[in-house]
Amino acid sequence: MNMTTETIEAMERPPVTMASRLEGELLEVSMGPQHPSTHGVFRMNVALEGEIVRKLKPVFGYLHRNHEQIGEHTSYLGSMPYTDRLDYFCSMSNNWAYALSVEKLAGIEVPERAEYLRVILAELTRLQNHASLLGFLLSDMGAWGTPLMYAFREREKILDLFESLSGSRMMCDYMRFGGCRLDASDEWLARAKQIVDRFPEFLDEFEELILGNEIVIGRTQNVGKISAELAINSGITGPMVRASGVNYDIRKVDGYGFYRRFKFRIPLGEHGDTYDRLMMRALEMHESVSILQQAFAQIQPGPVLNPKVKVRAFRPPVGEAYGRIEAPKGELGFYLISDGSPNPYRYRVRPPSFINLTILEDMCLGHTVADVMVILGSVDIVMGEVDR
Amino acid sequence: MPLRNLEGKAAGSLDFARDDGAWMMESLDQIKSRIEGAVPGAKIEIVANGSPSQQDSLLIDNEHAVATARFLRVDPALRLDFCSNVTGVDWLDRVVKKTIKVKTVVEGVEKEVDQTTEEKIPGYLEAVYHLYSMTHKHGPVIIRMRTADRAECARLSSLTPVWRSAEFQEREIYDLYGIHFDGHPDLRRILMWDEFEDHPMRKDYVQPDDFEWEPTPHDDVLARAKEHYPPRPQLDGAEQIAAPQ
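Protein chains in written order, with the working numbering: chain A, 69 to 456; chain B, 43 to 287.
Excised from the complex, chain A in its bound form:
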């Protein structure tokens, strides 16, 4: 230690108590990457004043495997199973976003039954994603086990549906350019309808048990507020931006698939806090159930795959396309540039949970460390997608 006059003077002062020593001094803590509440290998460098967060810098890259470069070195179809690994909770919606972008790039039509199946599978994915998010969030707040198991019980039913349709529970690899890989049998549709019809029962029970809970309200209300202006400017999407009262749902705006044929409402928050983000998920599940019931009523027999699409030597024309869908976590987009070869020249994933983390620091400043976990839980991240 360099003994300057200043340090000597400081040593000669009377001893100070711990509380006053820490005043105005920041303690740097590295949260993660092995923290159970960071939902994977996510790290935050946090500067704390006592228990209050004064600075927070997220650190990414622990799960980075350069997904985009692998996509550029393989054929268009070769990336399809790899998109399952982005957001491994929602492989069906990842498949759809990628298929949609390639269909835009190559100008491919999709048969009607395939579009209905896509809507059904994407909404089932939304149900299980939102249900398990609520369970995880409660788990982060200290309600260990029970809420998560309630959510996972429902998720299991939906994963069983995915398994019987695509052969895999999580890595479904189900969609193809111009439709879907396999047709759903009438028995499958009947079973899916049965599960969806019973879903509101679970929702009502879950909401009654959890969302009105005093501890949950105390931990989440007025925590991690985002204003609508900041939400729009920082590009956050999905339930996060709608919790701040911004009416933006790509299902309504773009009307991709057959979403224009269904009647559904867009829940909007008014405070933009963690509680509203939590409620967004619960309310969206109700709307998803309504979309699913309409889809089960409307779906007609027919082909599920456009026979004109080449499987081998698939070469889209030279050009570029950006396609996006409303994935459960927000806007999931794929930007593709074709140079006429069987591999994409540029393959870019626009990951919703990565960009939703842009304002993590703004949400956490001034809150306690315990609140950081709740705020992060309400962002709904999956590291497979954040780090790619």
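These are computed hints drawn from the structure, not numbers from a lab. All figures in this text were calculated on a predicted structure; none of them were measured in a lab. Fair warning: there could be bad hints in the mix.
[Said to hold, decoys possible] With a straight-line cut-off of 20 Å between C-alpha atoms, the simulated SDA-like cross-links for lysine to any residue are:
| hint | chain 1 | residue 1 | chain 2 | residue 2 |
| --- | --- | --- | --- | --- |
| 1 | A | Lys320 | A | Gln361 |
| 2 | B | Lys85 | B | Asp98 |
| 3 | A | Lys261 | A | Arg221 |
| 4 | A | Lys123 | B | Arg230 |
| 5 | B | Lys245 | A | Thr142 |
| 6 | A | Lys320 | B | His178 |
| 7 | A | Lys125 | B | His226 |
| 8 | A | Lys123 | B | Leu229 |
[Said to hold, decoys possible] Chain A stretches covered by chain B per the calculated footprint, using a threshold of three residues with CB under 8 Å from any CB of chain B:
| hint | region |
| --- | --- |
| 9 | 124-137 |
| 10 | 297-304 |
| 11 | 414-426 |
Glycine included, C-beta positions come from ideal geometry on N, C-alpha and C.
Keeping the supplied structure of chain A fixed, place chain B upon it in accordance with the hints.
Only chain B this time, still in chain A's reference frame:
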């Protein structure tokens, strides 16, 4: 701040959105001429896209990039307040062959003959921004910027001051493509580790033979290291370090 009192179902405090339709957006030609009117000196070019997606884009010049972006965001008719996707593209040096029909006289007869010319286009890096409007619910307007070359000093001006959502995505471009964004508040590597030196998304990137290599002294590494280091003393000297007085 008092907590909200919830009576009965918790959903009661929240509202549902009205279903308002999307606005019609102007054509790219109109947008281009309006930018040129609003931002003096801006040079805008329309980049055509041959794909069925019909997503043409605007190539904006680097000097007026921030002013152009600000105009796109605040203009009441456009209101492109949501910058969705920001990404880089690497274009290597390439040769474009152009075939032109030239009239020449062959054996006394005038004929049209194909003449092929080769044009060499030097490589550059590109940043592509996909803009939407959350207010008017239209889009996308795609803008792109190009660097002068692919050398290490490839620079563009950052649009993070205009759209916060570009913050992490521009960092990602800097990390994976090596474009320096002037005016970015916190330009660091984001996905690769800080000590990493190359830019792995570039088209001419070559993977190292062994990512995991580290100079730990064992086996053949130790044998090779012996050539470089002076012989170790018999004792490492630790026993001679006295405790601080």
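Hint by hint, here is what the structure shows:
Proximity of Lys320 (chain A) to Gln361 (chain A) is assessed by CA-CA distance (about 18 Å); at most 20 Å being required, the pair is judged to hold. Distance check on the hinted pair: Lys85 (chain B) and Asp98 (chain B) sit about 17 Å apart at the alpha-carbon level, within 20 Å; holds. For a cut-off of 20 Å, the pair hint linking Lys261 (chain A) to Arg221 (chain A) stands: about 17 Å separates their Cα positions. In summary, the hint linking Lys123 (chain A) to Arg230 (chain B) is supported, as the alpha carbons are separated by about 17 Å, within the 20 Å threshold.
Straight-line distance between C-alpha atoms of Lys245 (chain B) and Thr142 (chain A) comes to about 14 Å, which keeps the hinted pair within the 20 Å bound. Distance restraint check for Lys320 (chain A) and His178 (chain B): the Cα-Cα separation of roughly 13 Å lies within the 20 Å cut-off, and the hinted pair is therefore satisfied. Distance check on the hinted pair: Lys125 (chain A) and His226 (chain B) sit about 16 Å apart at the alpha-carbon level, within 20 Å; holds. Between Lys123 (chain A) and Leu229 (chain B), the direct Cα distance comes to roughly 17 Å. Compliance with the 20 Å bound is thereby established for this hinted pair.
Residues of the region 124-137 of chain A lying with their CB closer than 8 Å to a CB of chain B number 6, which satisfies the three-residue condition for coverage. A stretch counts as covered by a chain when three or more of its residues have a beta carbon under 8 Å from one of that chain; for the region 297-304 of chain A and chain B the count is 6, and the coverage holds. Counting residues of the region 414-426 of chain A whose beta-carbon sits less than 8 Å from any beta-carbon of chain B gives 7, enough to reach three: the coverage restraint holds.
Comparing the model with each numbered hint stated earlier shows that all of them hold.
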